[in-house]
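Undergrad: The primary structure of each chain is shown beneath.
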Amino acid sequence: MRVLLIGVAVLLGGSLLSLLPLSRESKSSVIYGGCFATCLVLSAMALVGVAGDASSAVLPLGLPWLGAHFHLDALAAVFLVIVNLGGAAASFYALGYGAHEHEPMRVLPFYPAFLAGMNLVILAADAYSFLFSWELMSLASWALVMAHHRDAGTTRAGYVYLMMASFGTFALLLAFGFLAGPGGAFAFDAITQHVLSPGVGAIVLALAFIGAGSKAGLVPLHVWLPLAHPAAPSHVSALMSGVMTKVAVYAFIRIVFELMGAPAWWWGLPALLLGGITAALGVLYALMETDIKRILAYSTIENIGIIFAALGLALAFKAAGMGDAGALAVTAALFHAANHMLFKSTLFFGAGTIIVATGEQDVERLGGLIHRMPISSSAFLIAALAISSLPPFNGFASEWLVFQGILVSPHLPRMALKLLVPAVGVLLALSAALAAACFVRAFGAAYLGRARTAAAAAAREADVWSVSSMVVCATLCLLTGIFPGAVIDWMQPAAVALVGGRMPPQLDIAWFSIAPVSASRSSYNGFLIFVFLVLAASFAAWVVHRVASRAMRRAPFWDCGYPGAGPIAQYSATSLAQPIRRVFATVAFDAHEQVDMPLPGDQRPATIHRFMRDPVWEFAYAPVAAGVGWMARWMNRLQFLTIRRYLSAVFVTLILLLLVLAIWG
Amino acid sequence: MGVMSALLLQLGQVGLVLLVAPAVSGMIRKMKARLQRRIGPPVLQPYRDLRRLIGKDVVLADNTSWFFRMAPYLIFAATWVAAALVPTFQTGLMFSWSGDMIAIVALLGVARFLQAAAAIDTGTSFGGIGASREVMIASLAEPAMIMVTFTVALVAGSSQLSTIAEFMLHSVGLRVSLGMALVALVIVALAENARIPVDNPATHLELTMVHEAMVLEYSGRHLAMIELAGSLRLLLYISLIACIFFPVGLVVSGAGFLAYAAALGAYGMKLVIASVFLATFEMSIAKMRVFRVPSLLGIALMLGLLGTLLLFISEGM
Numbered sequence: 001m002r003v004l005l006i007g008v009a010v011l012l013g014g015s016l017l018s019l020l021p022l023s024r025e026s027k028s029s030v031i032y033g034g035c036f037a038t039c040l041v042l043s044a045m046a047l048v049g050v051a052g053d054a055s056s057a058v059l060p061l062g063l064p065w066l067g068a069h070f071h072l073d074a075l076a077a078v079f080l081v082i083v084n085l086g087g088a089a090a091s092f093y094a095l096g097y098g099a100h101e102h103e104p105m106r107v108l109p110f111y112p113a114f115l116a117g118m119n120l121v122i123l124a125a126d127a128y129s130f131l132f133s134w135e136l137m138s139l140a141s142w143a144l145v146m147a148h149h150r151d152a153g154t155t156r157a158g159y160v161y162l163m164m165a166s167f168g169t170f171a172l173l174l175a176f177g178f179l180a181g182p183g184g185a186f187a188f189d190a191i192t193q194h195v196l197s198p199g200v201g202a203i204v205l206a207l208a209f210i211g212a213g214s215k216a217g218l219v220p221l222h223v224w225l226p227l228a229h230p231a232a233p234s235h236v237s238a239l240m241s242g243v244m245t246k247v248a249v250y251a252f253i254r255i256v257f258e259l260m261g262a263p264a265w266w267w268g269l270p271a272l273l274l275g276g277i278t279a280a281l282g283v284l285y286a287l288m289e290t291d292i293k294r295i296l297a298y299s300t301i302e303n304i305g306i307i308f309a310a311l312g313l314a315l316a317f318k319a320a321g322m323g324d325a326g327a328l329a330v331t332a333a334l335f336h337a338a339n340h341m342l343f344k345s346t347l348f349f350g351a352g353t354i355i356v357a358t359g360e361q362d363v364e365r366l367g368g369l370i371h372r373m374p375i376s377s378s379a380f381l382i383a384a385l386a387i388s389s390l391p392p393f394n395g396f397a398s399e400w401l402v403f404q405g406i407l408v409s410p411h412l413p414r415m416a417l418k419l420l421v422p423a424v425g426v427l428l429a430l431s432a433a434l435a436a437a438c439f440v441r442a443f444g445a446a447y448l449g450r451a452r453t454a455a456a457a458a459a460r461e462a463d464v465w466s467v468s469s470m471v472v473c474a475t476l477c478l479l480t481g482i483f484p485g486a487v488i489d490w491m492q493p494a495a496v497a498l499v500g501g502r503m504p505p506q507l508d509i510a511w512f513s514i515a516p517v518s519a520s521r522s523s524y525n526g527f528l529i530f531v532f533l534v535l536a537a538s539f540a541a542w543v544v545h546r547v548a549s550r551a552m553r554r555a556p557f558w559d560c561g562y563p564g565a566g567p568i569a570q571y572s573a574t575s576l577a578q579p580i581r582r583v584f585a586t587v588a589f590d591a592h593e594q595v596d597m598p599l600p601g602d603q604r605p606a607t608i609h610r611f612m613r614d615p616v617w618e619f620a621y622a623p624v625a626a627g628v629g630w631m632a633r634w635m636n637r638l639q640f641l642t643i644r645r646y647l648s649a650v651f652v653t654l655i656l657l658l659l660v661l662a663i664w665g
Numbered sequence: 001m002g003v004m005s006a007l008l009l010q011l012g013q014v015g016l017v018l019l020v021a022p023a024v025s026g027m028i029r030k031m032k033a034r035l036q037r038r039i040g041p042p043v044l045q046p047y048r049d050l051r052r053l054i055g056k057d058v059v060l061a062d063n064t065s066w067f068f069r070m071a072p073y074l075i076f077a078a079t080w081v082a083a084a085l086v087p088t089f090q091t092g093l094m095f096s097w098s099g100d101m102i103a104i105v106a107l108l109g110v111a112r113f114l115q116a117a118a119a120i121d122t123g124t125s126f127g128g129i130g131a132s133r134e135v136m137i138a139s140l141a142e143p144a145m146i147m148v149t150f151t152v153a154l155v156a157g158s159s160q161l162s163t164i165a166e167f168m169l170h171s172v173g174l175r176v177s178l179g180m181a182l183v184a185l186v187i188v189a190l191a192e193n194a195r196i197p198v199d200n201p202a203t204h205l206e207l208t209m210v211h212e213a214m215v216l217e218y219s220g221r222h223l224a225m226i227e228l229a230g231s232l233r234l235l236l237y238i239s240l241i242a243c244i245f246f247p248v249g250l251v252v253s254g255a256g257f258l259a260y261a262a263a264l265g266a267y268g269m270k271l272v273i274a275s276v277f278l279a280t281f282e283m284s285i286a287k288m289r290v291f292r293v294p295s296l297l298g299i300a301l302m303l304g305l306l307g308t309l310l311l312f313i314s315e316g317m
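In order, the protein sequences belong to chains A and B.
Taken in order, the first sequence gives residues 1 to 665; the numbers are from this note's numbering.
Taken in order, the second sequence gives residues 1 to 317; the numbers are from this note's numbering.
By construction, these hints were calculated from the structure, which means they are not laboratory data.
Mixed in with the good hints there might be a few duds.
[As the list claims (entries may be wrong)] Partial pick of chain B residues on the chain A-facing surface, computed with a CB cut under 8 Å:
1) VAL59
2) ASP100
3) ALA106
4) LEU107
5) ASP121
6) SER125
7) ALA131
8) GLU142
9) MET225
No experiment lies behind these values; they were computed from the predicted model shown.
Beta carbons are placed, not taken as given, at the ideal position from N, Cα and C, and that holds for glycine.
Chain A extracted, bound-state conformation (with noise of 0.2 Å):
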């Protein structure tokens, strides 16, 4: 515990060291050296701290009476084992990648904040620490979302950032209100003494849900993501997405599994829908964007969902007293939250890769980039598929867990949940399969193909540390895919507290199988079946040139007798998603088109219109914002009065404040 808050301490001190006068390169340096080195060790630690037994210590800070509670059990380990180990990578990462930041005073002071915040938040254990630690994280993430300032955009995505952060964290300060009680008992330990009665429990649920769900993007409290990710530098974005949505919902997994006690078998329902839909339109919208990092934001969005609705199964097992399928369910949730840190991180590094050579974000301006930039495009191919949930990788080991949860449910006791639970299991295998159309395009569109502009043409591979940390990051999505049952057994601890069940031990199964309720049942083997791969494969290729004809030439492609088609006559990745544009977002997003194809003869260009419509921003923000509009300009009318009305009007309120003093009083 100790090492923990000096580490804590030192990456606070990283903030005020980078005021000291040392020139832009030798600050960067130890700036993210500094980072990389507290993280490593922190995550060193957490890693071991899961098994070991839960430490804590009361620091005399913050409220007098309360002093600084901070806590370390086996959830607030794995945690920090996910948060260090994102901000161990993008540190690495932003030893080469920080170079190219044309105003390093706009993030350095932050960055190292930032690390600590999110720390801070999982260590806290009394409500007063854990909002002061969730207000640094939201603050420094906002600083360094408006490092770039003068792009257009950022400024929007700032303060819509501001206002969404804000008003969850108003969200949480009521839900911690309301589970302290009226004794303003706010550590922990004490909030767990007391027993909430259901419509309290609903009110901190749905707080809850709006606190942490609004930082983590479920939808619709998502609108401020894909703004405010894609606008920080790359680095920055990875450890928002990867990192800062796992600290949402490590946040809510405390409030909901723990300080809320006893769960009721409904709590998991809103978790399931959210979730499911959460998982389908995220990925949707990442299908429909063109900019990289905010294909990769959206999609930040979709993996929220999953584990939002793994999460909702966990509740529901809990709440139905099946404490191993429980188990089964929140370490799937837990697992998918590591491996997207992981993935996710590769392919933020892997989009800031493609900034700094070539200068664009648009996948419409790119194209063969895997002829110059071979490294970070196989390390963002790796992390593409694992994050389309394919063997023999990550994303397929927790997704499978998942499905494994479904498999288990039909023995919950409720109907509202039987209905649910099949239609959350059709939304989140839409959503794999639409992740895997996503990443095809993206990495199609950016990687593959012929060059688009003359920046891509030119592109030139990335530096040492931005390589090398996108590939450990790609081959620990491998690590952790073909030897899941490691991390789920050094998960269960968290499982056991959580939800009162375990998994079976998974190491002892022959051939680093897992099975999570028995072997009869279902088991997977991504070691096996990583080795069958590579045997198949190798055997193929081997055989085929041994008998084969080894000759290769190069001809140009078929062009149908139309010779000259140039770079723009390939498909771009707008075209790539019309068809499944014509086929969902149609109905999700009401899209549709416009063609104005002149008749022959007529020298008018051909031209077409999309057009799209974001019913979450619709329906529920615009509304909203009409209506501060409406208020703000009929309150202006007070602003230009006479002394004599403004002595009135201050009358009148005190007359009125009396009678109603007089009614109640």
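Dock chain B against chain A, hints included.
TA: Using the frame of chain A, we list chain B on its own:
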């Protein structure tokens, strides 16, 4: 049963699917030709095609990268591993537990991902048109397949194909949900194998192609790998339908030589019957427009969902 014989049986299964797959494709082509009153190529023609392709030079399109050259081997490997995981003549083989039905679906997903990406790598419109349609079809076919898996797994209490087949062997009785699953699985199989009415394996009209458009730039040994993977995928779906819904004749555990001979014979019969059905079906309907395919696959998805829902509701009643 010793380890050696178990390993031999496993390797036998792995080799069997590879050897039989082109013959099934050839058989279907022959039957279709006969139904059209043509003589048609011999049943063994696919093997000759493969040998011819392997002997030819590879002609690569100008822009293609190393990914384009690597993809055929990986596509083939993923399909082969998936096909070898489906029980053909015996359940419970040595490595049958290394992947369940969901893993098989996902392995086919790997092959599709690589295939579509390789198509984009050519930098042509054909590659793109094929890839975009393929992922659209897959985005409905794959969830439908997962729902079929759920239905079958809930009935049999397991998502392992060997356990499912053993369960189906012993429990006789009609179930509505299984009927729905069968229809859904057949629709998915047609879509995934690029058969009529979803796609036409024999078409060379560019605007209607899906699968053929993606492999347009492949040649020589690369094309051979992809063709073989295509045959394997067809065999996989036939074996899958046979092993779940018609597991008659499967060897359940160690048995004598005669039992194995009978099981292989039964498997051969199933392949022939499935080919007859497929050929007749393909002869009797026309190809759909691309944007009518989602409705067909939507039916499969809904049937899968309904089957699963029925099982969820009937549980504990």
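Undergrad: When the structure is checked against the list of hints, which entries are broken? Sort them ascending.
TA: none
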